[in-house]
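Visitor: Chains as they are written, first to last, in UniProt numbering: chain A, 1 to 231; chain B, 1 to 231; chain C, 1 to 231; chain D, 1 to 231.
Hints are computed from structural coordinates only; laboratory data are not their basis.
Treat the hints with care, since some could be wrong.
Unchecked claim - Restricting the straight-line Cα-Cα distance to at most 30 Å, the calculated cross-link-like pairs of lysine-lysine (BS3-like) are:
#: 1; chain 1: C; residue 1: Lys-85; chain 2: C; residue 2: Lys-7
#: 2; chain 1: B; residue 1: Lys-146; chain 2: D; residue 2: Lys-71
#: 3; chain 1: D; residue 1: Lys-221; chain 2: C; residue 2: Lys-221
#: 4; chain 1: B; residue 1: Lys-216; chain 2: A; residue 2: Lys-85
#: 5; chain 1: A; residue 1: Lys-85; chain 2: A; residue 2: Lys-7
#: 6; chain 1: C; residue 1: Lys-18; chain 2: D; residue 2: Lys-52
#: 7; chain 1: C; residue 1: Lys-221; chain 2: D; residue 2: Lys-52
#: 8; chain 1: D; residue 1: Lys-221; chain 2: B; residue 2: Lys-69
#: 9; chain 1: C; residue 1: Lys-85; chain 2: A; residue 2: Lys-18
#: 10; chain 1: C; residue 1: Lys-18; chain 2: A; residue 2: Lys-221
#: 11; chain 1: A; residue 1: Lys-52; chain 2: A; residue 2: Lys-177
#: 12; chain 1: D; residue 1: Lys-52; chain 2: D; residue 2: Lys-71
#: 13; chain 1: B; residue 1: Lys-146; chain 2: D; residue 2: Lys-146
#: 14; chain 1: D; residue 1: Lys-71; chain 2: D; residue 2: Lys-146
Protein chains: 4
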Amino acid sequence: MLEELKKQVYEANMELPKRGLVTYTWGNVSGIDRESGIFAIKPSGVEYDELKPEDMVLVNLNGEVVEGKYKPSSDTATHVELYKKYENIGGVVHTHSTYAVAWAQAGRDIPLYGTTHADYFCGPIPCTRNLTPEEIDEAYEVNTGKVIIETFEERGVNTKYVPGVICKNHGPFTWGKDANQAVYNAVVLEEVAKMALFTEQVNPKVEPAPDCIRDKHFNRKHGANAYYGQN
Amino acid sequence: MLEELKKQVYEANMELPKRGLVTYTWGNVSGIDRESGIFAIKPSGVEYDELKPEDMVLVNLNGEVVEGKYKPSSDTATHVELYKKYENIGGVVHTHSTYAVAWAQAGRDIPLYGTTHADYFCGPIPCTRNLTPEEIDEAYEVNTGKVIIETFEERGVNTKYVPGVICKNHGPFTWGKDANQAVYNAVVLEEVAKMALFTEQVNPKVEPAPDCIRDKHFNRKHGANAYYGQN
Amino acid sequence: MLEELKKQVYEANMELPKRGLVTYTWGNVSGIDRESGIFAIKPSGVEYDELKPEDMVLVNLNGEVVEGKYKPSSDTATHVELYKKYENIGGVVHTHSTYAVAWAQAGRDIPLYGTTHADYFCGPIPCTRNLTPEEIDEAYEVNTGKVIIETFEERGVNTKYVPGVICKNHGPFTWGKDANQAVYNAVVLEEVAKMALFTEQVNPKVEPAPDCIRDKHFNRKHGANAYYGQN
Amino acid sequence: MLEELKKQVYEANMELPKRGLVTYTWGNVSGIDRESGIFAIKPSGVEYDELKPEDMVLVNLNGEVVEGKYKPSSDTATHVELYKKYENIGGVVHTHSTYAVAWAQAGRDIPLYGTTHADYFCGPIPCTRNLTPEEIDEAYEVNTGKVIIETFEERGVNTKYVPGVICKNHGPFTWGKDANQAVYNAVVLEEVAKMALFTEQVNPKVEPAPDCIRDKHFNRKHGANAYYGQN
């Protein structure tokens, strides 16, 4: 069932260690088939070098396992919330990549300091608030998804233009049109988090890049007038 | 004698260079067989790429070599102290991994800033005091073990919940149920030490993560109600 | 047509991922045949591990594609400006290498702090001003070239002695006698940017190196009295 | 002539890129045969992946080439000064390794912050003064050697206990009983330079480690009472 999707999601998961984004099993990727409303996700706590395409767990939008011999990622309920809210999302990624975690632990949005950031994220990458003790007790992973959604709604940020977030004291989630693009955005977020820290170290009084540079670069790669690449 | 243990300890030692935790021979792993009270440990100063399972040295809890053609690690007496005091420990690791050493040299506990830390260490990772000149002269490696124990006792920290320490001006020791888990905790400690430094660089006024996040994440992976992984 | 040039430019492009200067497709190298006034450049947005020598796009100094099945790099117009202005340049490189970008985003020239820098760049590596919104709207990539030229002209810096620049909020461009040397200078610029940041962290009040050291080292490797290497 | 020495020096040179200490050709190792007073050294500007044992150049203590088809390293005269002054030295290394250069450019001694440092360098690693314009003009590489010697003499530091130095605005030189040990010390110096910077970032008010720790660790590995390793 959904063999092609499982293969894609498997390959997207395997990109995480290859790109240096995960230590041990600390990350997970999912990808959804919108027609059936079923997504494939990494099993919980399984080592990447033992992972096979058929190990991917199929889950529906009620968070119920539809197929699979393993338990799905412990973060599955967060993926469900994001898929339910944002219908244009086809893939979701969570990692504990080093520099993104540093910004999450520091509790700061990642400012847009240049074109590397603007090529993929058209604005600062927001940092959520902490969950309350009650939200943690009630349903930690569900509420992690809800606080991401709250963050984008309260700030009026479009998840299509800013395809990632950092959760306070935790780490990054990214998304995209499919699992592969969500991983791409996770790689970009980590690189941009690293560059932003070094930028502030070179110049502690640095200001964000001008809006005209942000818009120019984002629109070179996205939307009707994009002219980067071969399409 | 204890061939299976020697093989496990050999493999755990070989993880250190693979995970980037050691330069040259700067590290050692041991694992104990509690029934016989004998542990296997890396020989002193032997290069990792020349190491073989049969080179592991067998030592008893009086610190006497029971089997082996090599001298055991110069830190053997520290391992003995930890095994004697903490009966639930099955493996011990010492490294000079870069970021953990930086915190040890700086003489600061590593604060708990987020979930990556809380998943494995349920509180700050303590930094011991320095040994006195008399303690160094008398029995340096024995007293290194004793000052680790003193640190946990005086602070009332349970070594089961905080499976590692940094020794002032020296470096980290970690432990676990076996040699393999002790190495795992050494990898986590180094990653967490790195993230904590970057976190303070992103926000010099950062506060530790709330206790509710610490407890939630530690209990996702440990204890009766753990639900991470496949067990 | 120009098969040897395309091969050289292909190989120079492949150095970028090998030397750790690019993530995904974020970089481009070109090399020019001065006789015909035609240069070969990487196609836009094509992955390095799929790239072949015959994929290089041939472009003339009006920025028109002369040969090639792909669209050329989106930064092609910047390369054109540099080739037109500086007749001694045979190769141009653009990357988003991490530390060079940090200085670009911070909006600071990279000071000459030592001999590693002076061996290849005989003075600070300048940071351009930002383009105005009008310059961005009118012709972003052409004007990126023009603002580089303006920077060197206004400061009276010779591009032969300082073979690279960082564009504000963007990243580095380097050049050389051919594509290969331009890549070499991109590697040096990144290493020098990293060293300069760490230097300021070790000593926030550090001053640039004395002129006599700068001149000695630059002239060991360049000009009539050079004595480094085998020629 | 001296085939065994050339092979040893070749292999010691090849350790530099393997250990991440050099970019391109920026480094050189030599080793001396004290009986004949002839040393083997890397040829100038030759790429490491093209280097062969027979390419090593033989030079005498007047700095004259005795055998070899290539020109010797441009830093040869510095090696000569060190070999002439310190008869117990059997190998010399120069690199531009990143963190050691940062301290050299910052113009600061590397403080002894812990046991990793003390295991190999029994005190701070000194930073020389700059050469004067006259010293540079007269004989740059000879005077680089002389200013290293001056630094150790004026401070009363024994080069046997502190087997390395950083030259202001330039980079590190290390030495040892042979070429191989000199490379080992170059690796240690770079790691210690990195740890020292991170240590100061974790605690800007950090003090050097106590003398009793310094002496204990240095003497575990050196001198009559050493007990680290198998000898």
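Visitor: Now, for every hint given, state plainly whether the structure supports it.
Guide: Verification of the supplied hints:
1. Lys-85/C - Lys-7/C: holds (25 Å)
2. Lys-146/B - Lys-71/D: violated (58 Å)
3. Lys-221/D - Lys-221/C: violated (41 Å)
4. Lys-216/B - Lys-85/A: holds (25 Å)
5. Lys-85/A - Lys-7/A: holds (25 Å)
6. Lys-18/C - Lys-52/D: holds (23 Å)
7. Lys-221/C - Lys-52/D: Holds, at about 23 Å.
8. Lys-221/D - Lys-69/B: holds (20 Å)
9. Lys-85/C - Lys-18/A: violated (42 Å)
10. Lys-18/C - Lys-221/A: holds (25 Å)
11. Lys-52/A - Lys-177/A: With Cα atoms ~23 Å apart, Lys-52/A and Lys-177/A stay inside 30 Å; holds.
12. Lys-52/D - Lys-71/D: Satisfied, since the Cα-Cα distance of roughly 15 Å is no more than 30 Å.
13. Lys-146/B - Lys-146/D: violated (48 Å)
14. Lys-71/D - Lys-146/D: holds (23 Å)
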